[in-house]
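Enquirer: Residues 1 to 582 (UniProt numbering) make up the sequence shown, in order.
Any given hint might turn out to be false.
[Stated by the list, open to error] Pairwise CB distance ranges, derived in the manner of DEER restraints: (1) LYS522 to ARG490: 14 to 22 Å; (2) ARG98 to GLU303: 45 to 53 Å; (3) SER161 to ARG559: 56 to 64 Å; (4) GLU303 to CYS132: 46 to 54 Å; (5) ASN571 to SER190: 26 to 34 Å; (6) GLY392 to LYS522: 34 to 42 Å; (7) CYS132 to ASP244: 49 to 57 Å; (8) THR544 to GLN265: 53 to 61 Å; (9) ASP356 to SER512: 17 to 25 Å; (10) PRO407 to ASN378: 13 to 21 Å.
[Said to hold, decoys possible] Below, a list of computed lysine-lysine pairs in the DSSO-like style, where the Cα atoms sit at most 30 Å apart: (11) LYS176 to LYS100; (12) LYS241 to LYS74; (13) LYS511 to LYS364; (14) LYS65 to LYS145; (15) LYS145 to LYS370; (16) LYS176 to LYS106; (17) LYS353 to LYS511; (18) LYS416 to LYS448; (19) LYS364 to LYS185; (20) LYS388 to LYS370; (21) LYS479 to LYS427; (22) LYS340 to LYS353; (23) LYS388 to LYS364; (24) LYS479 to LYS241; (25) LYS416 to LYS340; (26) LYS416 to LYS370; (27) LYS240 to LYS74; (28) LYS479 to LYS536; (29) LYS522 to LYS536; (30) LYS370 to LYS155; (31) LYS159 to LYS65; (32) LYS340 to LYS370; (33) LYS479 to LYS388; (34) LYS418 to LYS388; (35) LYS427 to LYS416; (36) LYS427 to LYS353; (37) LYS509 to LYS522; (38) LYS364 to LYS522; (39) LYS106 to LYS185; (40) LYS416 to LYS438.
By construction, these hints were calculated from the structure, which means they are not laboratory data.
None of these values were measured; they are calculated from a predicted model.
Note that the Cβ used here is the ideal one computed from N, Cα and C, for glycine as well.
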Amino acid sequence: MTEIGELGVLGCTIQGYNCAGVSNVAYGLLTREVEKVDSSYRSAVSVQSSLAMGAIYMYGSEEQKQQYLPAMAKGELIGCFGLTEPNHGSDIGGMETRGKYDSASKTYTLNGSKTWITNSPLADLLIVWGRCENGKVRGFIVNRKEHGHGLSTPKIEGKFSLRASTTGMILLDNVKVPEDHLLPKAEGMSGPFGCLNNARYGIAWGALGAAESCLGVARQYTLERHQFNRPLAQTQLMQKKLADMVTEIALGLIGCYQVGRLKDQNLHTPEMISLLKRNNAGKALEIARIARDMLGGNGIQDEYHVIRHVMNLEAVNTYEVVTGATDGIGKAYAEALAKKKLNVVLISRTQSKLEDVATSITQKFNVETKIIAADFTNVAEIYHNIDKQLHGLDIGVLINNVGMSYPYPEYFLELKNKDEIYDNIIKCNIFSVTNMCKIVLPGMAERKRGVIVNISSTAALIPSPLLSIYAASKSFVEKFSEDLSTEYSRQNITVQCVLPGYVATNMSKIKSATWMAPAPAKYVEEALSTIGVREKTTGYFPHTLLVGVIHFLDSISPRLSRWIIVRTMTNIRSRALRRQIH
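Hey, can you work out the whole structure from these sequences and the hints?
Expert: What follows is the structure, given as structure tokens:
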């Protein structure tokens with residue numbers, strides 16, 4: 001780090017304090033050059049500059065700046081940024097780390113743990129975020145030399161990505177920090193979010209540096225590699241691939257330059273940086289994969305470095321697709337995945353609802369989101385558009401949640417507007433699952449990894465009179481999932497069918513959660529724990545219990561069990577019809 005400090009790279013946008021004071025555009029160009037070598041080095045530079053030094057510069061006192069920034073700029077003091085937690089990721093709202101103030105000693109006592117913290121095993125200064133007794137999130141400067149009692153920072157081993165970057169945990173056991181090491185200008189969520197936004201800006205530039213490195217290797221390799229008495233670079237296919245690479249890199253750099261200029265004028269917005277980072281990281285990974293393919297078998301050798309860039313870029317690019325994501329179970333799945341620091345693509349009918357959910361998830365969990373407005377009852381148009389918008393994204397998880405039921409239980413021939421409703425149920429419950437799997441599975445099969453969760457219903461497991469079309473459509477989902485799991489298990493793809501009972505959602509019209517009809521978040525929390533454990537599950541013990549009781553009754557007296565179910569359904573039907581009259 002001292003060698004990088006001698007070059008003036010660390011904290012280079014900071015004015016004064018022995019820092020270079022260059023523009024944001026210049027900083028971006030520097031991170032781009034550093035990541036051409038390896039993303040690990042850029043990661044270390046970003047954490048030192050944007051997160052650790054940035055936090056002190058933006059939110060620290062003048063005394064703190066004078067005390068620490070000059071030495072950090074030289075690389076004599078190494079910093080880290082302690083936000084992410086084992087149970088909550090960077091969900092600041094769920095932060096468990098606590099800071100308790102003692103007015104007598106004028107110190108804060110910190111307790112908690114952080115994980116996946118770049119530089120933590122090496123850090124002299126740890127910027128730790130914790131919740132104080134008034135509920136406010138505050139930042140603390142923990143000096144290992146002065147406040148090290150009760151502090152440990154074990155290293156995380158076994159990474160396949162960013163291997164040259166030292167990553168670890170921060171364990172705080174009654175660590176005493178003087179009140180003058182509290183960041184005075186950081187109170188609430190805006191502090192850590194401001195730092196993270198600056199770090200994302202560096203990632204947007206750096207990813208293109210890795211892409212340019214892969215482009216250079218691929219170009220040189222195809223010029224030197226001869227097949228059929230000519231260089232590979234003379235074939236139109238290779239020329240097109242190289243041209244596509246150059247085009248995407250050029251467009252990404254133009255975007256970086258423009259946002260950098262706006263940042264220098266303080267005219268940028270957080271959304272600009274998020275979009276830039278999402279686009280450039282995705283395109284860079286795509287370019288690295290193409291380069292690996294162009295090198296054939298040599299593409300996975302460390303001699304050519306391309307596979308190293310591929311693995312590094314994987315760390316910033318995984319997306320999870322959730323259909324029916326604006327309400328109920330779908331929204332709960334999206335939030336649960338985001339909580340685990342996974343980027344999410346939200347697909348649902350209403351644009352405004354999607355925007356609201358995406359904004360909430362981004363602000364709460366600090367992940368990338370992408371939205372696609374799609375009406376799943378309009379099968380003629382939507383799937384081509386979804387396929388187009390998902391193209392190039394590394395989809396790690398697909399949650400097929402979109403679904404439609406009856407407005408209320410009704411006899412098959414007596415439902416009002418039955419033709420339209422039955423048609424839409426089939427489109428939403430059968431066509432959507434089939435087509436979304438067709439779109440996402442090829443990429444998973446190529447990468448030999450992925451998870452698909454298809455949401456069915458307990459209606460597929462038990463007699464469901466007065467819901468016949470709905471239950472039949474959910475039975476399709478169960479059988480489709482079972483056979484798809486068998487087909488693709490050898491390619492390391494997990495296909496799970498989840499069959500919930502009643503959950504307190506808009507679709508079920510249950511307003512208040514109960515033990516038998518839980519809130520969506522509670523249901524999804526339990527259902528997620530079964531992925532990779534059970535191929536088929538209700539996802540929630542009370543629902544499993546209910547299905548077991550009905551099956552037991554059915555085995556003793558099918559007539560009795562069906563009478564009970566019909567009676568229950570007709571009572572629900574009667575209440576719904578009375579509400580319509582009134």
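Enquirer: Confirm or reject each hint.
Expert: Tested hints:
1. Taking 14 to 22 Å as the suggested C-beta distance range, the pair LYS522 and ARG490 does not conform, at roughly 35 Å.
2. As the Cβ distance of ARG98 to GLU303 is approximately 49 Å, the hint placing it in 45 to 53 Å holds.
3. Distance hint check for SER161 and ARG559: the Cβ-Cβ separation is about 60 Å, which falls inside the suggested range of 56 to 64 Å.
4. Separation of GLU303 from CYS132 is about 52 Å and conforms to the stated range, judged on CB atoms against 46 to 54 Å.
5. Evaluation of the 26 to 34 Å hint for ASN571 and SER190 yields a failure: the beta carbon distance comes to about 52 Å.
6. Checked against the hint of 34 to 42 Å, the pair GLY392 and LYS522 passes, with Cβ atoms roughly 35 Å apart.
7. Between CYS132 and ASP244, the C-beta spacing of about 51 Å keeps the proposed range 49 to 57 Å intact.
8. The supplied range of 53 to 61 Å is met by THR544 and GLN265, whose beta-carbon atoms lie about 59 Å from each other.
9. Remark: the range hint 17 to 25 Å for ASP356 to SER512 is upheld by a beta-carbon distance near 23 Å.
10. About 20 Å separates the C-beta atoms of PRO407 and ASN378, a value consistent with the hinted range of 13 to 21 Å.
11. With a CA separation close to 10 Å, the supplied pair LYS176 and LYS100 stays within the 30 Å bound.
12. Between LYS241 and LYS74, the direct Cα distance comes to roughly 42 Å. Violation of the 30 Å bound is thereby established for this hinted pair.
13. Straight-line distance between C-alpha atoms of LYS511 and LYS364 comes to about 24 Å, which keeps the hinted pair within the 30 Å bound.
14. Among the hinted pairs, LYS65 with LYS145 is consistent with the structure: their alpha-carbon atoms are about 18 Å apart, no more than 30 Å.
15. The straight-line distance between the Cα atoms of LYS145 and LYS370 is roughly 43 Å, outside the 30 Å bound, and the hint therefore fails.
16. At most 30 Å may separate the alpha-carbon atoms for a hinted pair to count; LYS176 and LYS106 meet this at roughly 10 Å.
17. A C-alpha spacing of about 19 Å is found between LYS353 and LYS511, which places the hinted pair at or below 30 Å, so the restraint holds.
18. Between LYS416 and LYS448 the alpha-carbon distance is near 46 Å, which puts this suggested pair outside the 30 Å criterion.
19. Under the criterion of a C-alpha separation no larger than 30 Å, the hint pairing LYS364 with LYS185 is consistent with the structure, at around 21 Å.
20. For a cut-off of 30 Å, the pair hint linking LYS388 to LYS370 stands: about 13 Å separates their Cα positions.
21. At roughly 17 Å between alpha-carbon atoms, LYS479 and LYS427 fall within 30 Å of each other, so this suggested pair holds.
22. Among the hinted pairs, LYS340 with LYS353 is consistent with the structure: their alpha-carbon atoms are about 22 Å apart, no more than 30 Å.
23. The hinted pair formed by LYS388 and LYS364 meets the criterion: a straight-line CA distance of about 28 Å does not exceed 30 Å.
24. Restraint check for LYS479 and LYS241: the C-alpha separation of about 41 Å exceeds 30 Å, so the hint is violated.
25. Note on LYS416 and LYS340: the hinted pairing is violated, with a Cα-Cα distance of about 43 Å set against a maximum of 30 Å.
26. For the hint linking LYS416 to LYS370, the alpha-carbon distance of about 37 Å lies beyond 30 Å, and the restraint is violated.
27. Of the supplied pair hints, the one linking LYS240 and LYS74 is violated, its CA atoms being roughly 44 Å apart against a limit of 30 Å.
28. At roughly 10 Å between alpha-carbon atoms, LYS479 and LYS536 fall within 30 Å of each other, so this suggested pair holds.
29. For the suggested pair LYS522 and LYS536, the alpha carbons sit about 19 Å apart, so the restraint of at most 30 Å is met.
30. Distance hint between LYS370 and LYS155 is unfulfilled; the C-alpha atoms sit about 33 Å from each other, more than 30 Å.
31. Between the alpha carbons of LYS159 and LYS65 the distance comes to roughly 34 Å, so the proposed pair goes past 30 Å and is violated.
32. For the hint linking LYS340 to LYS370, the alpha-carbon distance of about 17 Å falls within 30 Å, and the restraint holds.
33. Distance hint between LYS479 and LYS388 is fulfilled; the C-alpha atoms sit about 28 Å from each other, no more than 30 Å.
34. Distance restraint check for LYS418 and LYS388: the Cα-Cα separation of roughly 33 Å exceeds the 30 Å cut-off, and the hinted pair is therefore not satisfied.
35. At most 30 Å may separate the alpha-carbon atoms for a hinted pair to count; LYS427 and LYS416 meet this at roughly 18 Å.
36. Using a Cα cut-off of 30 Å, the hinted pair LYS427 and LYS353 holds, with the two alpha carbons roughly 21 Å apart.
37. Restraint check for LYS509 and LYS522: satisfied, since their Cα atoms lie roughly 17 Å apart, inside the 30 Å limit.
38. At roughly 18 Å between alpha-carbon atoms, LYS364 and LYS522 fall within 30 Å of each other, so this suggested pair holds.
39. At most 30 Å may separate the alpha-carbon atoms for a hinted pair to count; LYS106 and LYS185 meet this at roughly 18 Å.
40. For the given pair, LYS416 sits about 33 Å from LYS438 by alpha-carbon distance, which is inconsistent with the 30 Å threshold.
The structure does not agree with the numbered hints 1, 5, 12, 15, 18, 24, 25, 26, 27, 30, 31, 34 and 40 stated previously, though it agrees with the rest.
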